[in-house]
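K.L.:
Each chain, letter by letter, is given below.
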Amino acid sequence: MSHAGGQAAPAMPGRAVMLRTIGEPAGLAVLLAAVLALPFFAGAYGSRVGGTILMYIALAQSWNLIGGYVGLMSLAHSAFFGLGAMGATILLLNGAPVLLAAAGGILLASVLALLIGAPTLRLQGHYFVIATLIVSEALLNGARNLNILGFHGAISQNIGAFTGLQDLSAVEYNRLFYYIMAGLAGLAMLLVTLVERSRWGLALKAIRDAEGAASAIGIPVAGVKLAIFVLSAAIAAAVGITSSIWLGTFDTTSAFDLAVTFQVIVMVFLGGRGTVWGPVIGVFLVFTLNEFIGVEFAEISTIISGVIVVAIVLLQPDGLIEVMRRGPAALSPRVVIGNFRRYKVD
Amino acid sequence: MSLALQIGFDALLLGGLYAIGALGFALVWGVLNVLNIAYAAMIMLGAYAAYGLALWGMDPIAAVPIVMTMMFVFGWLLQRLLLDYVMRGPHSLSIALTYGINLILIGLALYLFTAEYRSVALPDHLRGSVQIGGAHLTYARIMVMLFALSLTALVWWFMDRTELGTAIRATRMDFESAQLVGIRPRFIFNVVAGISSALAGAMGALMAVIYSVSPGMGDHQFLQVLIVAVLGGLGSMIGPLVGALVLGLVSSVVANLWGGTYAVLAGTLLVLFVLAVRPSGLLGRRFYEA
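Just so you know, the protein sequences line up as chains L and V, in that order. The working numbering numbers the first residue of the first sequence as 1 and each following residue consecutively. The working numbering numbers the first residue of the second sequence as 1 and each following residue consecutively.
Calculated directly from the structure, the hints in this document are not laboratory data. Ideal Cβ positions, reconstructed from N, Cα and C, are used throughout, including at glycine.
Some residues of chain L that are not near chain V, with every Cβ distance over 12 angstroms (derived): (1) Leu107; (2) Gly186; (3) Ala216; (4) Ala227.
Now the stretches of chain V that chain L is said to cover, found in silico as 3 or more residues with beta-carbon under 8 angstroms: (5) 91 to 104; (6) 107 to 115; (7) 183 to 197; (8) 221 to 230; (9) 255 to 264.
Sequences are here, hints too, so could you generate the full structure?
P.N.:
Structure follows, in structure tokens:
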């Protein structure tokens, strides 16, 4: 399957490089400071919203690793999110300390990612996509029917009392989870940046763009795919664990909800798959839109998000990151019409 | 004995419905290499169209061909106006596009029809039932089963015996060579998308006769369609039918013995097992040979 997303060369290389070397570290430092300082200005509610945005950045970037860079359209992300949370819940219910429970949840999701990835990653094309979708559905149904060690999949489990965090005030509590989510988002961003700038990243893109050729020049395709699949699953699990402990309850249906997977994929596509900043743009775009549309008209917001997905895929298939990269030129009619016709069948 | 017969009839009924659904889905997958997420919404649209026609006083079974015609036009236009423009891109692009279309259609259905469950009022001649060996079989179910099976036969005849069907198979086997002999790929793509949408509509319309209609109904059915398509494999006409009967049988045995939630689980485990053993499905072949 060929991937024709071309990188645009900057108009003035010299100036662009200078801006990169000076502007980028400075900009990053400001951004980092702002992210770290936010909970002290924003209060409990602000920390909650900020933490949720960071959570989606972590999820989007971890999906971007497998979906954007390796080009594998995995629909199992919510399954690993749920598996991690479920593993941690079972351990918490049995008296494990919270950090051990989290580690156990991540381990459970990683082992299952290994078991699921090994056979499914061999499947070609849409078979892989469908297999991951069916796996997610099977795990959701399996978890719903699971009754072990005091865990009952059919009901909502209260885990707030087992974490030892219930004495914190609302502000402190939300601040704590904000920073955990910030750490996970930072980790995911770091991984994506490393992938973008290392030989590893080149190997991933080579697998995405020409799997046969990648294999021929000595890239261990199967091993690399499996490693990234498990890594991506482990991050999703860590986010799922944090999210359910933050909520104080574990509910099987919402933890394994496939809608999370699709929402994350939409964010990555809107911003730009296979890029460092694209998914971040996508997350902010979706959150801003939800803020404008509101959740009280669920039908209208569903229709509008559908229209936006269709419009971006047809008119800006490399994502809105193109507008950042190339400036307003990326929105000119000529470019947009060119994008529209790029993949047309004759 | 009567339980076994009842299970057998349920399997035939479900199998017939899933077979036409999976046939339409596998057609677009095989020929256009598109994983059409909006297929879920197409099933739902077919069901609402049948519901609407039945409200006007039309016989629900006689309404199915009309629904299919409407859905053919819908699928053709959707392909021509939107999907044709991502056909040569990476396949994740067409998945994202059909996901967006699915959102729009389901949102529209929620807006226009609300989330309320509705059911078609059956005319008298579909209401009765026959008893065969202690198993109850309603007339509606018999009609749905017969319709689904004859539709499968019709599609087989079309793909195997007509010139257009041959052109579709040729496009699937070898895109470039098909172009060389004068087949216009865009026309073939539009026809296939139309047929696929018509089959989704038929599945939805037939489901409306025996089950209830709601905006989310397609999502659950879509999973079953995927399972059947994978079980049967691409590239054979009889594949979806075999896959559907296997899934129908497993689902109704498990549902009758342990309950409905385990039926879904059994279906998914079955398909994962088949994929692990035979990655191209039970009857899958590399090339399309009807």
